[in-house]
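Engineer: Here are the chains, one letter per residue:
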Amino acid sequence: MKQLVSGNEAIFQGAIRAGATYFAGYPITPASEILQQAAARAEEDPGFRFLQAEDEIAAAIATISASLAGAKSFTATSGPGFSLMQEALGWGHAVEAPCIFFNSMRVGPSTGMPTQPAQSDLLQIKGGSAGDYYPIAFYPNSVEESFRLMVTAFNAAEESLSPVIVLADALLSHLYEMADLDAIEVVVAPRTREPLGRGKRLFTGTAHDRMGNVKTNDPEAYRDWLNDLKERHLQVADKYPLFEYFPGKDPDTLLIAFGITSRIVAPLKERFSIFRPIRIYPVLEKELEKVTQPYRHIIVIEGNDGQYASWAECAISRKVMKVPCLGGGFKLKWIQSQIEERLKGR
Amino acid sequence: MIDRSYKELLKLKRFPHTWCPGCGIGAVLKNVAISLRELGWNDRNTTVVSGIGCSGRMAGYMNLDAVHTPHGRALTAAEAIKTVRPDLNVVVLSGDGDLGAIGGNHLLHTSRRNPNITVFCNDNEIYGLTGGQAGPTTPKGTKTITSPRGEIFQPLRLGRILTTQAPYFYARTTVYHLNHFKACIREALFWKGFSFVDIISDCIELNGRRLGFKTAHQMFKWFDERFHIVEGVRDHLKDDELGIAKREVEAEVKAEMEVEKEPKVLIEGLKLFTLEELKHFDGTDGKPIYIGYKGKVYDISTSPLFQGEKRMRCHIAGKDLTRDIEIAPHGEDLVYHFPMVGKLKVKAEAEK
Ligand SMILES: Cc1ncc(C[n+]2csc(CCOP(=O)(O)OP(=O)(O)O)c2C)c(N)n1
Ligand code: SF4
Ligand SMILES: [Mg+2]
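First to last, the protein sequences are chains H and F. Just so we're aligned: the first sequence equals residues 2 to 347 in the working numbering. Just so we're aligned: the second sequence equals residues 1072 to 1423 in the working numbering.
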C-alpha cells in the first residue's frame, strides 16, 4: 500500500531490506532519524543491534568492525560527522570491509547551516582519508530511489568488499513522498566474507600483501595489493553505471544536476536536456563523454561551488559552466535566471 | 615438562618479531597466550583486537582472527565485534597511548557500556613506537623527548577513571611481578563485563635508557620499588598498589546476600548448598574445592587448573561460576567431568 514515506525512512528501510543487522551512529541533523529508527528496530527485533556511539569516529569504526564480525552494517551522518568518519573510511578500504556510510549533506564548512540542504561533501567521498582508495558513491533524488539505491549500495559493498557511500541532502532526507516500499522488488547480494572466528586472518590498516601479511617496506607487494583493490572497485562500479538522461528542445545546452537539485530543475526539461548522474563516484566518465558530446554549453547546477563541475571537466576535458546553489538556496527561479545569464550572448 | 602448547596461539612464522630485546611487550603476549590456551580459547571462538603502537602489534602475532584498527580505536572495534558475535571471546591488546590518549573518549564510553571484553594495556608510560614522546600515563617529572625538563602535567590515572561506577574490573600489575601478572590476566578473562588490566611495562630502548637504566631488569627493579602488591579484592587501588579493584553491579551483589542460611539434605543424598555454604569449600585447610554451575555443585578438587596457584584457587573456588564457565569454551564439558556433590539454593544465572 502506498503511504507517505520520508527519505530517511526509505534509507533505513532499504538497509533493512538489504539485510542490515547492525547500525552505529551519533545524532546529527539531518540524519538523526536513521539512528532513531535503528533504536526502535533494535527494540522489536533481537537480531538487529545498534550503537549510539560517543562520536562519529566510534560510529564509523564500529560499523566497519561489525561488518568484519559478520553483520551487514551501516552508519548515517551529515557533513561534520562525515569529516570525523574519514579515518574509518580509509581503514574500511584497507581491511576491505563491506558496509554503508550514508551522508545527508548540509551547508558547510564546519557546523555550517545545520538544517539547510547542500551538496558540498562530494570531495569528502574521495579526498578525506590518507592515501589512495576508490570508493563507490550513489546519490538518489527521490524517496523510492533512496530505498532502491540503499540495496544497490549494500550489494556493491559486498561485491567490492568495501565501504560504499550513499549521499542525500537535508531536503531529500526530510522529503515525504507516496511510496509502497514493500512492493519494490530488489535483488539482495549475500555476505561475501567469512565472519570472524573462522581462521587466523589479520585485518589491518597497515600495508599488507594479498594474504594479509604486514608488509611495511615492500613497494611491490603494496602495488599488487592496491592494484587488486582498484581493479575490483572499478569493475564493481562498472556494474552500476547509473544515470538518467532527458533530451530537450534546445540542441545546444545540457544541464547536469543530481540529487535534490535534479528535482528542482526538472521543470526545465521541456527546454533543456538534463543529465543526472546517480553513481556520483567514480565519475561516469564514459557516459559523460558520450552524452555531453553534441552540446555546446554544459551547465552544472549543484549545491556547492563547483565540485562535480570540476570532476566533469576532468572527465570530458572541456570547460563547463557552473551554477553554484550555495547557503541552502535552491530556488528554481533563481537557478533559471542564472542559466539565462550564463547563456546570454552565446 | 614445561607446557609450551601456548605457542600454537602465536604466529611463530612471523618471528623474529619487531620488538626490541628486553621490551616488556613479549611478556604480555606470552602470558596472555598461556592463559587463553588454558581456557581453551582458540581460533574458532576468539578474536583479538589491537590499536596502533609497539603494543598494538600484539594482535598481529596471535594465531587467531585479529583486527588491527586505526590508532586509538581498538575498544570500539572490540565492542562492535562482541555485539555482533556474543559467542566470540574478544580480547584487546594495546598500549597506554592508544587506549588512554587518542582512544581516551572510547575508553570512557566503552567501559561505561560494559561489553564483555577483556583489555590488556601494555602500559610503558611512553609513546614507544614514535620514538619516546611523553604519553598520557608518563609520571610527572619524567624526562622524555617532548618533556625535556620533565613532564609537567599529572598523568591520567586509569585506575581511578575506570573504578568510578560499578560494575568494573580494573587490575594493575607489572611485567616483573609475574605470578601476580598471570593471576590478573586470568581473573580478567573470567570477568563477565568490561575488564581492564593495566600492565606496567618497560620500553627499555626509548624510555628506560634516557632515564638511566642500562637493562630491562633494572627497570623491573624500579617497578618493584614503585609498586607493591595488595592482597584480596579492593574497591579501589592506590596509585602505588598492584592488585585487583572490582565491583559487581549493586543489584547482583544484593541478590547474593538474599540466600537462605539453612542447609537442607535432598532425598537423593545430594546436599542443598547456599552460596554462603559454598564459599566455605574453597580448598583451604585441606577442604575440597566446590563450584556452583547451573544450579548444581561440583567437586573440582582434582582439576589441574586449580592446583598450585593459590590466589586463583581462593578466588574461583566456592562460587557460582555459571556465567564464567559459559564464556569459557568447552567449559561446560569440563565441569561435567567432575563429581556432582549437591545442588545450589539459588536460581542459576543462566536461568534468570
Ligand atoms: C592517527 C594517528 N596519529 C598518530 C599516529 C602515530 N603513532 C603511532 S604509534 C603512536 C603511539 C603509540 O603509543 P602506545 O599506545 O603507548 O604504544 P607503544 O608504542 O608505547 O607500545 C603514535 C602516536 C598514528 N599511527 N595514527
Ligand atoms: S621501542 Fe620500546 S615499546 Fe617499542 S619495542 Fe622497543 S622497547 Fe618495546
Ligand atoms: Mg606506550
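Since the hints were derived computationally from the structure, they do not count as laboratory data. Every residue, glycine too, gets a C-beta built ideally from N, C-alpha and C. One should not assume that every hint holds.
Claimed, not checked - Calculated pairs, DSS-like style, for lysine-lysine (alpha carbon to alpha carbon, straight line, at most 30 Å):
1. F:K1263 <-> H:K201
2. F:K1309 <-> F:K1390
3. F:K1082 <-> H:K201
4. F:K1101 <-> H:K201
5. F:K1390 <-> H:K216
6. F:K1084 <-> H:K201
7. H:K201 <-> F:K1309
8. H:K201 <-> F:K1390
9. H:K216 <-> F:K1101
10. H:K250 <-> H:K231
11. F:K1078 <-> F:K1342
12. H:K250 <-> H:K201
13. H:K216 <-> F:K1084
14. F:K1285 <-> F:K1101
15. F:K1342 <-> F:K1365
16. F:K1082 <-> H:K216
17. F:K1253 <-> F:K1390
As the list claims (entries may be wrong) - If we take Cβ atoms under 10 Å as the criterion, some of the chain F residues that face chain H in the derived model are:
18. G1143
19. E1150
20. Q1204
21. M1411
22. V1412
Said to hold, decoys possible - Negatives, chain F to chain H, calculated, CB over 10 Å:
23. K1101
24. P1141
25. A1149
26. I1152
27. T1154
28. L1179
29. K1211
30. E1222
31. R1228
32. K1263
33. F1284
34. L1343
35. G1354
36. S1372
Engineer: Each hint should be assessed against the structure and marked as holding or not.
Structural biologist: Hints and how they fare:
no.: 1; hint: F:K1263 <-> H:K201; result: holds, 25 Å
no.: 2; hint: F:K1309 <-> F:K1390; result: holds, 27 Å
no.: 3; hint: F:K1082 <-> H:K201; result: holds, 9 Å
no.: 4; hint: F:K1101 <-> H:K201; result: holds, 17 Å
no.: 5; hint: F:K1390 <-> H:K216; result: violated, 48 Å
no.: 6; hint: F:K1084 <-> H:K201; result: holds, 12 Å
no.: 7; hint: H:K201 <-> F:K1309; result: violated, 40 Å
no.: 8; hint: H:K201 <-> F:K1390; result: violated, 35 Å
no.: 9; hint: H:K216 <-> F:K1101; result: holds, 23 Å
no.: 10; hint: H:K250 <-> H:K231; result: violated, 40 Å
no.: 11; hint: F:K1078 <-> F:K1342; result: violated, 42 Å
no.: 12; hint: H:K250 <-> H:K201; result: violated, 62 Å
no.: 13; hint: H:K216 <-> F:K1084; result: holds, 14 Å
no.: 14; hint: F:K1285 <-> F:K1101; result: holds, 24 Å
no.: 15; hint: F:K1342 <-> F:K1365; result: holds, 15 Å
no.: 16; hint: F:K1082 <-> H:K216; result: holds, 15 Å
no.: 17; hint: F:K1253 <-> F:K1390; result: holds, 20 Å
no.: 18; hint: G1143; result: holds, 8 Å
no.: 19; hint: E1150; result: holds, 7 Å
no.: 20; hint: Q1204; result: violated, 20 Å
no.: 21; hint: M1411; result: violated, 32 Å
no.: 22; hint: V1412; result: violated, 35 Å
no.: 23; hint: K1101; result: holds, 18 Å
no.: 24; hint: P1141; result: violated, 5 Å
no.: 25; hint: A1149; result: violated, 8 Å
no.: 26; hint: I1152; result: violated, 4 Å
no.: 27; hint: T1154; result: violated, 5 Å
no.: 28; hint: L1179; result: violated, 7 Å
no.: 29; hint: K1211; result: holds, 28 Å
no.: 30; hint: E1222; result: holds, 27 Å
no.: 31; hint: R1228; result: holds, 20 Å
no.: 32; hint: K1263; result: holds, 19 Å
no.: 33; hint: F1284; result: holds, 29 Å
no.: 34; hint: L1343; result: holds, 35 Å
no.: 35; hint: G1354; result: holds, 34 Å
no.: 36; hint: S1372; result: holds, 34 Å
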